[in-house]
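Student: Sequence:
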Amino acid sequence: MIGKIKKGKSFGGCIRYVMGKDNAEIIDSDGVLLGNIREITDSFNYQRELNPKIKQPVGHIALSFKAEDKALLTDEFMAKIAREYMELMGIRNTQFILVRHHNTDNPHCHLVYNRIGYDGKVISSQGDYKRNEIATKVLKDRYGLTYAEDKGKTNVEKLHASERVKYEIFNAVKAALKHSGTWKEFNDYLLRRGIRLEFVKRTREIKKTEDIQGIRFTKDGQTFKASQISREFSFAKLNARLSWNPSESRQESERKVQQRIPGGGHLLESTGPRLFSPTNGTASEEPLPQEELLRRRRKKKQKRKGFGL
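If you read the sequence shown in our numbering, its first letter stands for residue 1, the second for the next number, and so on.
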């Protein structure tokens with residue numbers, strides 16, 4: 001899988017090109033009237049007027065795959081990969097069409113999107129080429145797609161530091177979800193990879209899941225909201241996949257009060273072994289039950305009597 005990036009001035013010219021090939025078909029879209037080429041072009045042009053100062057509002061990326069992957073690439077699967085590619089590239093909240101071509105042995109599609117978003121803000125193209133390298137590598141690894149012979153490795157270190165950390169967090173969270181059934185397992189997996197997970201509170205204290213507004217991840221001294229990594233990692237979506245305690249129901253665990261570590265700034269779940277650890281990843285000891293304390297005191301008294309103390 002490779003991505004070839006272009007920007008342009010004319011939606012009409014770009015759309016006539018991608019729709020003019022034999023058997024061209026739109027397999028996914030958002031915010032665009034699809035009756036004919038004129039309607040598609042007008043849809044894009046109406047939105048570009050939200051920010052007329054931008055001289056190159058046309059985003060055009062060709063996504064091409066190896067012939068060996070042809071059997072895998074149904075229209076639905078190709079569209080799914082393209083959506084995830086857009087998310088990794090930061091192309092969101094805007095119009096797009098995804099057009100598949102069948103004129104070569106290599107399965108491929110053309111993503112045409114409006115660089116002027118629904119909110120009138122421009123979708124930045126800064127660092128696009130480096131992000132493209134990383135995004136295609138992430139997707140090839142995620143779905144086992146074929147590498148080109150000379151593209152087997154991507155130099156992640158060349159990416160800007162903050163972008164590199166984002167991709168490292170993205171990969172770690174995806175891997176953690178495959179190996180975790182509970183929030184504790186999820187958190188422990190991330191800690192082993194140097195990533196700290198924190199909840200963002202709606203209220204002064206967190207007494208139930210509704211009191212949690214969101215989550216954020218910290219790695220190498222850089223902190224990102226979950227939405228900055230991927231919309232897949234919102235608290236609501238992760239909470240739907242992860243349980244708080246495998247031995248009790250979600251309703252019971254929600255009633256447990258979360259407490260703060262003194263001076264640590266992290267949240268702890270007060271169910272059995274504490275869910276989240278301090279910054280250094282070491283959990284504090286659990287207090288002994290009252291019965292155990294009394295038993296030990298009686299034992300010490302008996303020893304003193306035996307020694308005549």
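What the hints contain is simulated information worked out from the structure, not anything from laboratory work.
The C-beta atom is built at its ideal place from N, Cα and C for all residues, glycine as well.
Careful: at least some of the hints might be erroneous.
Stated by the list, open to error - Pairwise CB distance ranges, derived in the manner of DEER restraints:
1) THR104 - LYS225: 34 to 42 Å
2) ARG204 - GLY144: 43 to 51 Å
3) ALA62 - LYS174: 19 to 27 Å
4) ASP105 - THR223: 24 to 32 Å
5) ALA161 - HIS102: 17 to 25 Å
Student: Could you run down the list of hints and mark each one as holding or not?
Tutor: A quick look at each hint next to the structure:
A beta carbon spacing of about 40 Å between THR104 and LYS225 agrees with the range 34 to 42 Å that was offered as a hint. Restraint check, ARG204 to GLY144: a C-beta distance of roughly 47 Å satisfies the suggested window 43 to 51 Å. Against the hinted window of 19 to 27 Å, the Cβ-Cβ separation of ALA62 and LYS174 comes to about 26 Å, which satisfies the hint. Taken as a hint, the range 24 to 32 Å is violated for the pair ASP105 and THR223, whose Cβ atoms sit roughly 46 Å apart.
Our hint of 17 to 25 Å for ALA161 and HIS102 is violated, since their Cβ atoms are close to 41 Å apart.
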